[in-house]
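Novice: Residue numbers (our numbering): 1 to 366.
Hints listed in this document are in silico derivations from the structure and should not be mistaken for laboratory results.
Since the model is a prediction, treat every value here as computed from it, not as a measurement.
One or more hints might be untrue.
[As the list claims (entries may be wrong)] Taking CB as the label site, the calculated pair distances span: (1) 219 to 253: 34 to 40 Å; (2) 296 to 39: 34 to 40 Å; (3) 281 to 251: 38 to 44 Å; (4) 287 to 240: 24 to 30 Å; (5) 309 to 51: 54 to 60 Å; (6) 282 to 23: 35 to 41 Å; (7) 39 to 73: 53 to 59 Å; (8) 288 to 74: 22 to 28 Å; (9) 23 to 242: 16 to 22 Å; (10) 185 to 240: 48 to 54 Å.
Where is the CB? At the ideal position from N, CA and C, for every residue including glycine.
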Amino acid sequence: MRSLPSRIGGISLLILSLAACTLCGFLVLDRLHSRPRTEDAYIAANIVHLAPEVSGRIVSMPVHDNEVVRRGQTLYVIDPEPYEYRVQQARAQVEGIKAQIDVQTSQVSSQVSRAGAEASSVMSARARLTLAQATQARLTPLEKQGFVTREALDQARAETKSAEAGLQTALQSAVSARQAVRSVAPLRADLAAAQAALREAERDLRLTTVKAPCDGIVTDLNVAAGEYATTGKPVFTLVDNETWWAIANFRETQLSGLVPGQRVKVYAMAQPGTPITGTLESLNAGVVPDEGMSANGLPKVPRSLNWVRIAQRFPVRISSIIPRPILCGLAPRLLWLSCDEQCRTGARHDAATRSTCAAVAAGVSS
Numbered sequence: 001m002r003s004l005p006s007r008i009g010g011i012s013l014l015i016l017s018l019a020a021c022t023l024c025g026f027l028v029l030d031r032l033h034s035r036p037r038t039e040d041a042y043i044a045a046n047i048v049h050l051a052p053e054v055s056g057r058i059v060s061m062p063v064h065d066n067e068v069v070r071r072g073q074t075l076y077v078i079d080p081e082p083y084e085y086r087v088q089q090a091r092a093q094v095e096g097i098k099a100q101i102d103v104q105t106s107q108v109s110s111q112v113s114r115a116g117a118e119a120s121s122v123m124s125a126r127a128r129l130t131l132a133q134a135t136q137a138r139l140t141p142l143e144k145q146g147f148v149t150r151e152a153l154d155q156a157r158a159e160t161k162s163a164e165a166g167l168q169t170a171l172q173s174a175v176s177a178r179q180a181v182r183s184v185a186p187l188r189a190d191l192a193a194a195q196a197a198l199r200e201a202e203r204d205l206r207l208t209t210v211k212a213p214c215d216g217i218v219t220d221l222n223v224a225a226g227e228y229a230t231t232g233k234p235v236f237t238l239v240d241n242e243t244w245w246a247i248a249n250f251r252e253t254q255l256s257g258l259v260p261g262q263r264v265k266v267y268a269m270a271q272p273g274t275p276i277t278g279t280l281e282s283l284n285a286g287v288v289p290d291e292g293m294s295a296n297g298l299p300k301v302p303r304s305l306n307w308v309r310i311a312q313r314f315p316v317r318i319s320s321i322i323p324r325p326i327l328c329g330l331a332p333r334l335l336w337l338s339c340d341e342q343c344r345t346g347a348r349h350d351a352a353t354r355s356t357c358a359a360v361a362a363g364v365s366s
């Protein structure tokens, strides 16, 4: 039979072990509360559907599926020959209108000179009429006194009428000459339209060469040179490799420990020893609840009551994610995200410093 001291020692050891387990449990719960984590998340990036802006047969496809490309790199080339002909045609149209403008300008100069000459003729005819009228006025009283013959007075009157007719003719010729002066404004408008058509044709020719708009990864490529590309129909997809982010779904009870600006470390199961840094960018403003929605303008309240209430999850966006190259082409795999750095939370928490830990498991979205 065991002695009393040994029995007391065993009970004490048991009590201490239970106390230590309880303390460890509280520490773990406190850590989970102050440093929230979740395994419901995914990493994503923008995608670009590489659809051509011009139609034609693809004559060159220098890239391959899952190939990493750089910004400005040629992805595929559409047959440029028809578009080269259109550029030549548009350029010929522009040159033709320019030639017409030159000819019209010369004609306008000649017409302006003729109008000026007719205006001078009007001035000369008006001066002749003035002289004839003055001569008739001088001879009329002299004829009554017998100093001039009636024949001379009749000749002066005839000269006045002739001068009046000449003035009318000169005026009509001047008006016709002014109206005959043509403007080059319509041709200049035609030239502007032709130049716009030329620029559009040159743009279409440039667009026959499709280049990468960003650094990325080619995916969903299942065509080759010889395929006919249609305007607006994607040939393949490019995953933007310049900007990545993570969406982590945290429980509503964990949101108090999350503040935009906190630094985050991402751990992938494919590379558990290599962290991927990021920054908590924003918290989603709301989600659609599973129950309690409106129906036909009235609130819909379920009759049953769930005794176990599961906390709602809210998406949290983590930006500035820089995945390692091995993650760029992975199919869906589990990832772990974690953060244990000291971060400044800003004025919302009186400039206090806290650290946040987030563990996220999800699949890579390409």
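Novice: Please write out, lowest number first, the hints stated earlier that are contradicted by the structure.
Specialist: 3, 5, 7, 8 and 9
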